[in-house]
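**Q** Single-letter residue listing:
2 protein chains.
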Amino acid sequence: MAGRRYAVLGTGAIGGYYGACLQRGGAEVHFLLHSDYDHVARHGLVVESIAGDFALPQVQAHRTVATMPAVDVVIVGLKTTQNALLPDLVRPILGPETAILTLQNGFAIEHELAQWVGSRPILGGLCFICSNKIGPGTIRHLDYGSVLLGQHSLDHQPAGLSPLLKALVQDFQAAQVEVELTDDLRLARWRKLVWNIPFNGLSVVMNATTAEMMADPNICQLAEQLMGEVVAAAQADGEALSPGQGRQLSAELIGQMLTHTEQMAPYRTSMKLDFDAGRPLEVEAIFGNPLRAAQAAGMAAPRIEMLYHQLKAIDRRLSAGA
Amino acid sequence: MAGRRYAVLGTGAIGGYYGACLQRGGAEVHFLLHSDYDHVARHGLVVESIAGDFALPQVQAHRTVATMPAVDVVIVGLKTTQNALLPDLVRPILGPETAILTLQNGFAIEHELAQWVGSRPILGGLCFICSNKIGPGTIRHLDYGSVLLGQHSLDHQPAGLSPLLKALVQDFQAAQVEVELTDDLRLARWRKLVWNIPFNGLSVVMNATTAEMMADPNICQLAEQLMGEVVAAAQADGEALSPGQGRQLSAELIGQMLTHTEQMAPYRTSMKLDFDAGRPLEVEAIFGNPLRAAQAAGMAAPRIEMLYHQLKAIDRRLSAGA
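Residue numbers (the working numbering), protein chains in the order written: chain D, 8 to 329; chain S, 8 to 329.
Hints in this document: simulated from the structure, not taken from any laboratory.
All C-beta atoms, glycine included, are put in the ideal place defined by N, C-alpha and C.
One thing to keep in mind: the hints can contain errors.
Here are some chain S residues the structure puts well away from chain D; computed CB gaps all over 10 angstroms [to be verified]:
1. 128
2. 149
3. 161
4. 174
5. 195
6. 213
7. 273
Derived coverage of chain D by chain S (criterion: at least 3 residues anywhere in the stretch with Cβ under 8 angstroms from a Cβ of chain S; other residues may be distant) [stated by the list, open to error]:
8. 43-51
9. 115-128
10. 304-313
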């Protein structure tokens with residue numbers, strides 16, 4: 008079987024890193040670039056990684072999807088704030104069996120894709136990685152790096168492990184990326200939100216690093232209460248979608264995550280990086296979508312909602328350039 | 008009957024204004040001053056008021072309560088963040104029937120005083136006023152100015168209108184201060200919190216004036232939800248303390264206050280003024296005390312609690328000089 012052909016939409020900290028790894032592992036990868044196009048077309052990509060630096064002097068760089076071939080897998084690495092662009096970016100490179108793999112943060116991202124990609128498989132990859140784009144075509148990989156892959160199911164039932172998923176695992180392993188599989192992508196997204204909702208949200212509202220938040224007893228207590236609301240929302244959502252099947256997160260998760268966060272090096276969350284750079288915040292993907300899912304399942308989630316309102320106001324102020 | 012003798016502890020925007028009015032109305036007033044003592048001892052007080060400017064070239068200024076006589080009424084005009092000083096400031100000027108009138112913001116202020124003033128009457132005055140101290144001995148009175156007076160009752164029952172209250176009303180009227188009476192001080196404090204909790208709190212967390220908050224649809228919605236929690240907390244508190252007596256706020260209050268806030272000139276709340284000046288925030292009086300009262304009455308009040316945690320963290324950062 009020939010190597011799979013990938014398109015990477017959004018060649019930044021996430022898409023750029025995993026795309027470069029896949030090419031290094033032997034896959035054919037087409038990169039969509041915007042401001043970095045000239046540099047990357049000429050010089051390729053550089054990855055400065057804790058796992059070992061590497062360079063790809065030649066990559067298939069594109070300024071537009073019009074020059075790309077149809078691909079086997081579209082990797083979505085854009086921020087969710089740009090998702091309105093996705094139909095126009097994805098449709099031209101779809102073959103009849105093309106899979107879409109979104110590496111984006113948040114909740115119900117796959118559900119939005121499913122509105123318009125037809126019967127093609129939709130996959131989600133949860134990236135546990137600290138990486139930044141530090142210059143044109145240059146990605147710095149600071150810590151972690153694994154990906155948790157799962158397949159979206161239309162009926163919200165655990166999707167099982169398809170041949171496609173297993174093939175992707177092979178490609179990621181050839182790319183030297185640690186990869187795990189989940190048969191319940193929705194629950195895996197809730198699990199990641201247990202950390203992302205309190206720490207991404209409060210890092211912006213309180214203008215603080217993880218270490219500054221963990222050093223304040225009131226922020227610690229608030230983070231724990233927010234985590235409790237996310238765990239309860241996940242349970243309400245699971246119960247609403249598949250009654251009696253007991254899809255829920257473990258009660259120990261909150262304590263484990265707090266301990267882990269306390270031990271981490273001081274860290275600016277992805278939303279704090281966006282805030283500091285004046286970029287749009289991923290409020291709808293990380294807060295709005297799970298809030299609406301909780302409310303649809305009959306749970307009020309007042310703290311998540313309050314954080315959502317505060318972040319929407321901050322995001323509005325950012326986009327007004329204040 | 009001779010004019011009553013007053014002591015004003017804290018000659019700032021509130022104590023300075025009402026103390027000056029009382030002296031103008033004929034009362035004997037002793038003012039406690041700190042950094043402004045030299046200036047005020049020499050030049051007296053100046054009030055620049057929308058109701059007409061006036062000056063008091065001579066006032067009884069004191070650097071310490073040790074030089075004050077026992078008084079009929081102690082007016083507490085300090086910020087609640089200084090309340091740990093109160094026993095040492097008040098005890099030396101207490102006669103056997105001295106009344107204590109606190110003009111401070113927040114909740115359960117009278118309850119704290121009752122811990123140590125014995126059987127003396129404790130009164131609360133809710134000040135509806137925009138005023139600032141703009142220089143040594145100089146108060147600017149910008150808008151409003153009325154006081155709602157009520158008497159604290161140990162058993163949390165509506166206290167009725169005592170002869171003392173009626174006498175105070177005469178003094179305030181002679182001082183040309185609009186004054187109203189309430190027989191349920193606790194409910195009146197809840198009523199004021201319906202505005203103060205959302206707008207004081209969010210003005211600091213969101214770093215915004217009232218006009219900026221009202222212009223943002225998410226902050227408006229959050230303010231309305233916080234107001235709803237305060238109204239529910241007031242009801243739970245009333246029901247816990249006097250079951251079946253129906254002490255509660257009207258359902259129309261929230262809409263009225265929002266409309267009024269929308270029509271006000273852009274306004275920095277008292278907590279925002281403290282925040283901008285780097286002064287300690289009155290978090291415990293305005294947020295901690297009502298939160299604990301709500302929780303004692305069996306209500307979770309998650310949004311008020313979240314605001315409390317956020318403000319405690321901001322106050323901690325302020326006091327660390329960050």
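**Q** With reference to the structure, classify each hint as holding or not holding.
**A** For each hint, the structure was consulted:
No Cβ of chain D approaches the Cβ of residue 128 of chain S within 10 angstroms, the least distance being about 36 angstroms, so the stated non-interface status holds. With a closest Cβ-Cβ approach of about 26 angstroms to chain D, residue 149 of chain S is found to remain outside the 10 angstroms limit, as its non-interface label requires. Its beta-carbon lying about 32 angstroms from the closest one in chain D, residue 161 of chain S satisfies the requirement of being farther than 10 angstroms from that chain. Chain D leaves residue 174 of chain S outside its interface by the beta-carbon criterion, the shortest separation being 44 angstroms against a cut-off of 10 angstroms.
No Cβ of chain D approaches the Cβ of residue 195 of chain S within 10 angstroms, the least distance being about 27 angstroms, so the stated non-interface status holds. With a minimum CB-CB distance of about 6 angstroms to chain D, residue 213 of chain S fails to clear the 10 angstroms threshold, and the non-interface call is violated. Here residue 273 of chain S stays apart from chain D, with its beta-carbon at least about 15 angstroms from theirs, past the 10 angstroms limit. A count of 0 residues in the stretch 43-51 of chain D with a Cβ less than 8 angstroms from any Cβ of chain S is obtained; the coverage claim is therefore unmet, three being the minimum.
Only when three residues or more bring their CB closer than 8 angstroms to a CB of chain S does the claim for the stretch 115-128 of chain D stand; here the count is 0, and the claim is violated. Coverage of the stretch 304-313 of chain D by chain S holds in this model, with 4 residues showing a Cβ closer than 8 angstroms to a Cβ of that chain against a need of three.
Hint violations for this structure: numbers 6, 8, 9, all remaining hints satisfied.
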